[in-house]
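Trainee: As a plain string of letters, each chain reads:
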Amino acid sequence: MARKTSPTRQAVVTVAAWSIGFLIFLPILWTVILSFKSETDAIRTPLQVLSAPWTTASYAEVQGRSNYGAHFMNSVIISLGSTVLALLVAIPAAWAMAFQPGRRTKDLLMWMLSTKMMPAVGVLIPIYLMFRDFGLLDTRIGLTVVMTLINLPIVVWMLYTYFREIPSEILEAARMDGASLTKEIVHVLTPMAVPGIASTLLLNVILAWNEAFWTLQLTTSKAAPLTAFIASYSSPEGLFYAKLSAASTMAIAPILILGWFSQKQLVRGLTFGAVK
Amino acid sequence: MATAHSRALARLMVSPSVILLLMWMIVPLGMTLYFSFLRYNLLMPGMETWAGFDNYYYFIQQPSFWIALTNTLVLVLGVLCITVIGGIALALLLNQPFRGQGIVRVMVIAPFFVMPTVSALVWKNFFMNPVNGMFAHLAKALGFAPLDFLSQAPLASIILIVSWSWLPFATLILLTALQSLDSEQMEAAEMDGAGWLSRFRYLTLPHLTRSITVVVLIQTIFLLSIFAEILVTTNGGPGVASTNLPFLVYSQSLLSFDVGGGSAGGIIAVILANIVAIFLMRMIGKNLDA
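Line by line, the protein sequences are chains A and B. Counted the way full-length UniProt numbering counts, the first sequence spans residues 1 to 276. Counted the way full-length UniProt numbering counts, the second sequence spans residues 1 to 290.
Keep in mind that the hints were calculated from the coordinates and are not lab data. Ideal placement from N, C-alpha and C gives every residue a C-beta, glycine not left out. It is possible that some hints are incorrect.
Distance ranges between label pairs, derived from CB positions [claimed, not checked]: (1) Gln63(A) with Cys81(B): 38 to 46 Å; (2) Leu29(A) with Phe222(B): 22 to 30 Å; (3) Glu165(A) with Phe53(B): 47 to 55 Å; (4) Thr139(A) with Val74(B): 31 to 39 Å; (5) Gly135(A) with Leu92(B): 52 to 60 Å; (6) Phe53(B) with Pro167(A): 51 to 59 Å.
Let's have the full structure, built from the sequences with the hints guiding it.
Mentor: Okay, structure coming up:
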């Protein structure tokens, strides 16, 4: 930006941007602040809350009372497990479509995308009944499989847009230089594919971590990930603001940090490569 | 390179994804369609009889369907308006040079990574609660009576919560698009005496058209099936005042055990989503050729 900007204008922009950014971030910031207050202080007026003493009691209590760790592990296992499964299925597919495109590759890609557009309620009842009949309700395996399937189209698409950018001339050049197939895969293909696979993994873990339709429908307690666990605070008993804040803070912190690192990939992944 | 051998290999590599998705889509969707023509209640297993279009008739005929349909559309359109207009404004602002750009950007994007159940409960309790919420404290400090948002304006409150979650998405995508705007063209227009408004109208907005379309369509897909936010805040109520189509299907099938009626509702939701999907697919398909 070489354009001249007057100091007044710059000051106005700075103040406006910071205030709006602060307002948007406030609900998260406030949740974190409340999580370090006692239950009786957490329901006071904002100024009283700020001046109240800090404590980590809520964090200990959430873990002690509700077995928070188990739900956290469910979230980790389901989101990571479904992402890895989806990658295993999608990498060969995306690879073939990017390097050996056939006449129908484009139609196939569009069809995969169309499965993502199907609203979940359209298949809720059969899936629920099948899960009930096969004893899959409230199991991590069941939920992992569903998460794999709902995110598979996005994974294939994202990998495809990354793989398509690898110039196939490089492969041919390596082959001309007498590289064996193993060498080609290890030294040429993998290094070029890894960044794309890593970003896909990151985005998909975020999506799976925050998915809140199937997790709420198909789990109750044992396999409940954090989305479902937090939902149990919707009908609370007694004072619970500080505990809800502590549980929420722990639930969103890991993904918030991952998310901040993946801003660029996020745009690309969520728009199926339409905006880069 | 494309020998018969490599063609076969490529097909083999693609087939697992295709088969899995085919099973995931066709089998349950077919079952829903089948159930929607049955008189099928979970409380009376084994008593299923053919119902023809009765389920559709009764589903559409009940007043709550029309309320839910209206709510679905109001929810989608309300969130779209707020996030697109807010997103454009915010993207334009964040695209200006100022101190601490990186930090502000990170703060603005953050809500997108908050899981729906957390964002809904945070807003419901810490902000909209009529006794202890921040809005109530603020109203009392200014001498107003606090408003019970979720019972007096349930749908508007949910629109606010969902908009907060999706504003970052719109902003991020529009900001990415803005950054590819040709700044020389902008300067030339400025030199020629084009005002701020006409530069926005004739240069920025046309440049953003495609990204705005993408934002609208992708958000619509997600907004049509909002569920968690309603479940943990209002549970569809009071009455059915904040029930949307997915929530109606859920409450009819899994809470009232009416599989037939719920399935008919599910099929109607699929049809609605498909109308939107066709537009989105065309857009993305075009991009694939480019």
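Trainee: Going through the numbered hints above, which ones does this structure break? Give me the numbers in ascending order.
Mentor: none
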